[in-house]
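A.B. asks: Spelled out from the first residue to the last, the chains are:
Number of protein chains: 2
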Amino acid sequence: MQNILNYLKDNKARFIRELCDYVRFPSVSAQPVHRKDLEACARWLFQHCQKIGLQAELQPTAGNPIVLASTPRRNSSRKPHHLIYGHYDVQPPEPFDLWRSPPFEPRVQGNSLFGRGASDNKGQHLAHLNAVEAYLKTGSELPCDLTFVIEGEEEVGSKHLSDFLRDKRSRLRCDGIVISDTGLVSKKHPTLTYGLRGIAALELKLTGPSRDLHSGIFGGTVDNPAMVLCQLLAQLRDKKGRVAVPGFYDDVEPLTSFERKQLARLPFQERAYRKFLGVPKLLGERGFSPVEQRCARPTLEINGLTSGYQGEGSKTIIPAWASAKITMRLVPNQKPERVRELFVRRIRKICPPTVGLEFRAEHGGEPYVIAPQSRGAQAGLRALKKAFGREPVLMREGGSIPIVNAFKKILNADSLMLGLALPDDNAHSPNEKFDLEVFAKGMAMSAHLWQELAQD
Amino acid sequence: MQNILNYLKDNKARFIRELCDYVRFPSVSAQPVHRKDLEACARWLFQHCQKIGLQAELQPTAGNPIVLASTPRRNSSRKPHHLIYGHYDVQPPEPFDLWRSPPFEPRVQGNSLFGRGASDNKGQHLAHLNAVEAYLKTGSELPCDLTFVIEGEEEVGSKHLSDFLRDKRSRLRCDGIVISDTGLVSKKHPTLTYGLRGIAALELKLTGPSRDLHSGIFGGTVDNPAMVLCQLLAQLRDKKGRVAVPGFYDDVEPLTSFERKQLARLPFQERAYRKFLGVPKLLGERGFSPVEQRCARPTLEINGLTSGYQGEGSKTIIPAWASAKITMRLVPNQKPERVRELFVRRIRKICPPTVGLEFRAEHGGEPYVIAPQSRGAQAGLRALKKAFGREPVLMREGGSIPIVNAFKKILNADSLMLGLALPDDNAHSPNEKFDLEVFAKGMAMSAHLWQELAQD
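Line by line, the protein sequences are chains A and B. Numbering of the first sequence is given in our numbering, commencing with residue 1 and proceeding in unit increments. Numbering of the second sequence is given in our numbering, commencing with residue 1 and proceeding in unit increments.
Some clues are possibly wrong.
Same chains, same label: a pair holds when it works inside one copy or across any pair of copies.
As the list claims (entries may be wrong) - Below, a list of computed lysine-lysine pairs in the BS3-like style, where the Cα atoms sit at most 30 Å apart:
#, residue 1, residue 2
1, Lys-79, Lys-205
2, Lys-79, Lys-386
3, Lys-349, Lys-281
4, Lys-275, Lys-205
5, Lys-408, Lys-349
6, Lys-386, Lys-187
7, Lys-349, Lys-275
8, Lys-261, Lys-239
9, Lys-386, Lys-205
10, Lys-187, Lys-261
11, Lys-261, Lys-12
12, Lys-159, Lys-239
13, Lys-349, Lys-239
14, Lys-239, Lys-205
15, Lys-187, Lys-159
Keep in mind the hints are simulated off the structure, nothing from the lab.
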């Protein structure tokens, strides 16, 4: 093991340079204009996998390609087989003006590498690739067979991954999946995530007059779609901070007292948290701690509002339409389709007859939990402890990795979530970064992990 | 008079070509990028005034220039002096994709000329210029001295006109102002407008977290500025369609029964109106007819909403801020400053401590009424009848021409509003047009008007 860890140390500077090369691709899956960049990014990754000694393939899909890369193996191999999942696509960088340096010009400052995708998710799966490189280049025997599955559509709902998993089911048959796409509570709290929230996204559009109307000539006689939108959305949250959609909480599995105890172990300082987010006051569902609120309770968020004139100055109109982008975060055992249906039913019920109503379902993903006592989870906890030199914590994550459910369903395998993103990494925000110390510890964790998993 | 009317007929084709030339300037005052276009447009107008025989000047202001043009006069002149007001600036053309032909490439189709500004207001004041040209070019004696004041900032609140009027007070001393910037009920109902609504515009911005946040990682613990914006705005209209801002109606002068009778004379077909606007159902303040609602009752409209991600696909964020553009239409005797103050007070009162609050006051203008029995109004009614061959109607207009109050205050003169815009001219909307028959009748009306006003 020591020569593997030495290799990782000796190549640190190159690993950072390679991460910079990787981050430089503006692989924004939500924006069709970046299709070519996604292809170029996938090609870079594919070539990188080949270079470090993996048997790599660039697999086309109906969307962005998937990079599939396996460790070389003998036919007689009876080692456990693990998949490592990651995604090379990134969130949109907008708004550009809030970035201190351009999102796709990676910049190392102190112990951080800034750039869109540095943490979510390029840096995290590169840590695993580097660990595997260390095994291969030092001639060390890998205790597991490994297959990397790195896709390009995670940020838009992994639309083509399930089909891909089904197609390659026999090749991808495995004992488990390792995913580093979650959070690390802090550098002092290496973290195993045993649950994720699900998601249901949709867009709601209200149509009023057939065109923007002069608010002087017509104002007073017709309804205003922007006002109706506000009145509808305002009714979706009650005074206790709960989602006011009838039936929304029906399928929610209550937190056990064991879980509430585990979550209470996690460090949380309200004042520092508030300051970090820059908000004057926190707000969450009454009766739950902030940690519970953000990882184990469902939410409804407005992600965007669009209506009428948004340019400089004023334009005296009644807008022809108004729209909102909505996501709901789900917890076990809520189902995205069911929750979306409840939402639509609610809006239809309270929408006045003065406007038209359109819905567009966007991506969805189910919530997920595994037993923290399972053998895979225990191996993950040991690897974390060895790499970070600290007792790891167990947590649930507020974000969603919908494909975890696809792995379970299609490959019948559980996912081990060993996240390397710090809370201040600004995932999905301007000035996203990746901590380079965590990058190094992540590589070591990965190197240990294959030993621990093989010992099972 | 006949040779003047003949001149107008004989030159009809050229007048339309000149209006096309004029509409071709994208003189959008709300958008700084068009500053040069505004200057070029003003210069064209100035040269046009010179060409038809007026003594014209291009007057600089701290904003866009004002074109000032007078009929030639002898020192001994004892004729009445009237001003003709207009504006060469136009509303923003957005959204472009709804225009059937480009907004600044005027297109004649049937009896209409399509283009941004064709009706509001280029075509309307050009009708007066053409009538004056007819007097001058046929060598006919003008019964009044006339001065055109055509500004370039009406659509952004006429910021520099008042100063200009004050500076030129002695030169602009006059017996009255003629403005064609209002509506014509229909071609069968030549219209004298005796009242206007005022306006108070403002922008409201709510600030939440210091940046867009990942709605999975943080969602559930912080308030969402877009949701708060919806909840605040939703509270500003009650179930009777009234503005729910305490004190908002305190200064509203009730409609007299004479006025309600006059307004009831105006043709109004709910079904056709609804169809024309493309709305499934009308909505207005309970207890008032649609005609009253849109010209004699105050309103509050959301003109635009902006928050979070508005691009393609979805972005799972809690937006850092949310904003709304608001205008309130006012009736006598509401004051814009007072109403804005009531609005701000209300929002401050109901805004939760989880977000920050910012206001920006935009333009404002007071409502206006004149006595329909006045001599000027009677002269206007006679000119309308002669040009259109129909009995004119008296109405109040829902739109705002804030400068009417400035004329009253600074020049102590009343404005005669003889509008030439048809209800389907799409002012402030895509596919704005000007009716060419009304254009011709407007010229004749103007030619008659100077006779009628001089007879007073």
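A.B. asks: Could you place Lys-386 and Lys-205 in one of the four classes (within, between, both, neither) given a Cα distance threshold of 30 Å?
C.D. replies: neither (52 Å within a copy, 49 Å between copies)
A.B. asks: Pop the pair Lys-386 and Lys-187 into one bin, within, between, both or neither, using alpha-carbon distances up to 30 Å.
C.D. replies: within (13 Å within a copy, 87 Å between copies)
A.B. asks: What label fits Lys-261 with Lys-12 when the C-alpha limit is 30 Å: within, between, both, or neither?
C.D. replies: Classified as neither: same-chain Cα gap 38 Å, cross-chain 86 Å, threshold 30 Å.
A.B. asks: Within, between, both or neither: how does the pair Lys-187, Lys-261 come out at a Cα-Cα threshold of 30 Å?
C.D. replies: within (21 Å within a copy, 78 Å between copies)
A.B. asks: Treating 30 Å as the Cα threshold, decide for Lys-408 and Lys-349: within, between, both or neither.
C.D. replies: neither (36 Å within a copy, 51 Å between copies)
A.B. asks: Measure nothing new, just compare the shortest in-copy and cross-copy C-alpha distances for Lys-79 and Lys-386 to 30 Å and report within, between, both or neither.
C.D. replies: The answer is within: 22 Å in one copy meets 30 Å, while 101 Å across copies does not.
A.B. asks: Can you give me the call for Lys-187 and Lys-159, within, between, both or neither, at a CA distance of at most 30 Å?
C.D. replies: Cα proximity of Lys-187 and Lys-159: none, with 33 Å in one copy and 57 Å across.
A.B. asks: For the identical chains here, do Lys-159 and Lys-239 meet the 30 Å Cα criterion within one copy, between copies, both, or neither?
C.D. replies: neither (36 Å within a copy, 43 Å between copies)
A.B. asks: Given identical chains, is Lys-261 near Lys-239, meaning Cα to Cα at most 30 Å, within a copy, between copies, both, or neither?
C.D. replies: within (27 Å within a copy, 47 Å between copies)
A.B. asks: State whether the alpha carbon distance between Lys-349 and Lys-281 is at most 30 Å within one copy, between copies, both, or neither.
C.D. replies: between (33 Å within a copy, 17 Å between copies)
A.B. asks: Cα distance capped at 30 Å. Does Lys-349 pair with Lys-239 within a copy, between copies, both, or neither?
C.D. replies: both (20 Å within a copy, 17 Å between copies)
A.B. asks: With identical chains, the pair Lys-239 and Lys-205 could be close in the same copy or across copies; at 30 Å between alpha carbons, which is it: within, between, both, or neither?
C.D. replies: both (25 Å within a copy, 22 Å between copies)
Violated hints, listed in ascending order, are 1, 5, 9, 11, 12, 15; each of the other numbered hints is respected by the structure.
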